[in-house]
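With the hints as extra help, turn the sequences into a complete structure.
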Amino acid sequence: MASNKLDRLTTEQIALTSKYLAEMTERFASPIAAIQPLFGRCCLATLPSSIPCWDTLTREVAWVAAGILSHPDPASLSLDPLPIIEIYTMVKGMDREVPEMRQILERVGPDLDALSQEVRSTGRVRQITSALSKLGFPNQLAKPTKEAKNLLREKESWFSAPALQLADLADHLLADDIPLDETDTKILSLIALGELRNYHLDIGCKLLRTVLQLGVPGEETRDGVDFIALQRRRDGRYGFLDRLAEKPEQTADPDTALFLPMTLNAAWLFKTEAASMAMSSALAAVGETA
Amino acid sequence: MLAETISDPMLRLCQAEFKCLIQELESAPSRTAFFDVGAVAEVLVLTNGIPEAEGLTRMLCDASARWLKSGLLEDLLMARVEFAYHVALLTYLAQSAASFSPSDVEVIRNLSEGRLVARSEIPVLRQHLIAAYFSGCGIHTEFGQLGRRNLTQIIDRRVLRARSDEFDLLVLLMCAQLLQLDRSRGYQGPRTYPQAQLVQAMRSGNTNWLPVLALLCSRFFGFPGHLCGAAFKSMEESIPAPGELLPAPPGNQIDSEYIERTERGLRLRSTIALALSLALPGETYGVEQVRPAYN
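First to last, the protein sequences are chains Z and F.
Residue numbering for the first sequence is 135 to 424, as defined by our numbering.
Residue numbering for the second sequence is 433 to 727, as defined by our numbering.
Hint data in this document are derived by calculation from the structure and do not stem from the laboratory.
Keep in mind that a hint or two might mislead.
Among the chain F residues that face chain Z by a calculated CB cut under 8 Å, a handful are [unchecked claim]: (1) Ser-462; (2) Glu-506; (3) Leu-548; (4) Val-591; (5) Ala-594; (6) Ala-628; (7) Val-631; (8) Met-634; (9) Arg-635; (10) His-658.
Capping the alpha-carbon separation at 30 Å, the derived lysine-lysine pairs in DSBU-like fashion look like this [said to hold, decoys possible]: (11) Z:Lys-268 x Z:Lys-226; (12) Z:Lys-289 x F:Lys-665; (13) Z:Lys-283 x Z:Lys-268; (14) Z:Lys-153 x Z:Lys-226; (15) Z:Lys-226 x Z:Lys-277; (16) Z:Lys-277 x Z:Lys-289; (17) Z:Lys-268 x Z:Lys-289; (18) F:Lys-501 x F:Lys-451; (19) F:Lys-665 x Z:Lys-153; (20) Z:Lys-283 x F:Lys-665; (21) Z:Lys-280 x F:Lys-665; (22) Z:Lys-268 x Z:Lys-280.
To spell it out: a stretch of chain Z is covered by chain F in this simulated footprint if at least three of its residues, at any positions, have a beta carbon under 8 Å from a beta carbon of chain F; those stretches are [claimed, not checked]: (23) 311-324; (24) 329-343; (25) 364-371.
For glycine and all other residues, C-beta sits at the position ideal for the given N, C-alpha and C.
Written out as structure tokens, the structure reads:
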């Protein structure tokens, strides 16, 4: 299995995983439920080996956005703004504009303003606020909570912090673009590895994305990405079912319970890793020129 | 005569039973059903050229190919290391089925090459250790050429496996003994895996493993300051009441097929490691690794 390479997936593998995600979109047949698979396909489309497909993706993004806008009560959809912001960022990065998507994001700002100070101080909301500002939708970024500040400062407490607190920590780090030194990166990568070994994929992948984006990725970080890469199945999905568990996942729909979230996590992680490595290469090239 | 009166009906019975077993595994995979199929496969794989066994063998090969294609064998391979041998056997047999395609083994190949599955370092480590300890007593044990292995790579890749029980710690204990016995042979200590285990022990509140891992990291595998401080703090918080030993490791079974590891010994060894760490932090932590003579 390749490691430490920009090409985590071949062109054929990207196509197969995209096909799986597209099938998920068709299966749900609703613009709202289509956001997650579409987000995954956009992530895959940013990978160096992908075949350019941004015209198609942009059309689908517009369709999804139009579906949200035409909903009689969009607030009742409980949409997570982060994938929408991420999709919009990727589309913009390809020099494309989706006015319907822009319209949705313009609505998010006032919604954030209406939240209580306490909620606006949480990592998730701060990260959304920060990401919106970077896209040109300025909003005031609330200060982190006292508990979050303590956690950011006292790194020894990271070892015993529950997963929810660590997720909040990662959101704050991303919201404030706080660079992580080698030690911080190592600690968070080791914690991520432990979480991944216990199949706590969301928090494991989130910590890895955080260190790839803000830190100095090392061997432990690459091991974490390898862990996810090795969960790949022949049909492009990611994840292995525990068929012998007392409450097997297959009693629920295995796609929604395991394969789809894991595939999305994988696509997002590979995108972040590729961006991190491209950035390192660019910086190294600048260094050589200087 | 015997074939018609005894053997043929017996084989027909076995075919019917085996068919039920195959259906059972397909409809509701279980540990027992899988090991039952494995037991049958161990005999059938040896019956090449016996016409009477062809029906049963064909049934098994076809079923194996279906399980390979559907991903069942991959799921089982990832579930427990104990299944790896039978998964390998069934994968081998699946190749004889008409429906088999070489791409069916792609995922198992990746898992094996990525060292996620089918690796059991304990027999290798144990053989090395027996040879090393006997050799230290002047007893030269001939195991044949054990070969050189890069223990760093072998053991560090365990970090990619979704598993955590006494095997994990045992591998590190054995590896540390080898390092202590002879560094001159070029063994290198793993780093990522022991440190990841230490962090996980802290996070999961595994007070039994923590002092042992701290001892191993400090003396053999590297113990950076950020880990050392946090580990020490966690250990101080888990000191047992006077007269008590540390508890046994939580959850997982503590017996393995290789060596029996019962609660009393595990509690005692961890309490010793904790006591030493607390009594001699300056010597236990941050000292040069000891290197006793080893011939």
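Okay, the hints, checked on the actual structure:
{"no.": "1", "hint": "Ser-462", "verdict": "7 Å, holds"}
{"no.": "2", "hint": "Glu-506", "verdict": "6 Å, holds"}
{"no.": "3", "hint": "Leu-548", "verdict": "5 Å, holds"}
{"no.": "4", "hint": "Val-591", "verdict": "5 Å, holds"}
{"no.": "5", "hint": "Ala-594", "verdict": "5 Å, holds"}
{"no.": "6", "hint": "Ala-628", "verdict": "5 Å, holds"}
{"no.": "7", "hint": "Val-631", "verdict": "4 Å, holds"}
{"no.": "8", "hint": "Met-634", "verdict": "5 Å, holds"}
{"no.": "9", "hint": "Arg-635", "verdict": "6 Å, holds"}
{"no.": "10", "hint": "His-658", "verdict": "5 Å, holds"}
{"no.": "11", "hint": "Z:Lys-268 x Z:Lys-226", "verdict": "12 Å, holds"}
{"no.": "12", "hint": "Z:Lys-289 x F:Lys-665", "verdict": "13 Å, holds"}
{"no.": "13", "hint": "Z:Lys-283 x Z:Lys-268", "verdict": "23 Å, holds"}
{"no.": "14", "hint": "Z:Lys-153 x Z:Lys-226", "verdict": "23 Å, holds"}
{"no.": "15", "hint": "Z:Lys-226 x Z:Lys-277", "verdict": "28 Å, holds"}
{"no.": "16", "hint": "Z:Lys-277 x Z:Lys-289", "verdict": "19 Å, holds"}
{"no.": "17", "hint": "Z:Lys-268 x Z:Lys-289", "verdict": "28 Å, holds"}
{"no.": "18", "hint": "F:Lys-501 x F:Lys-451", "verdict": "19 Å, holds"}
{"no.": "19", "hint": "F:Lys-665 x Z:Lys-153", "verdict": "49 Å, violated"}
{"no.": "20", "hint": "Z:Lys-283 x F:Lys-665", "verdict": "21 Å, holds"}
{"no.": "21", "hint": "Z:Lys-280 x F:Lys-665", "verdict": "23 Å, holds"}
{"no.": "22", "hint": "Z:Lys-268 x Z:Lys-280", "verdict": "25 Å, holds"}
{"no.": "23", "hint": "311-324", "verdict": "holds (count 4)"}
{"no.": "24", "hint": "329-343", "verdict": "holds (count 4)"}
{"no.": "25", "hint": "364-371", "verdict": "holds (count 4)"}
Checked against the numbered hints above, the structure violates only hint 19.
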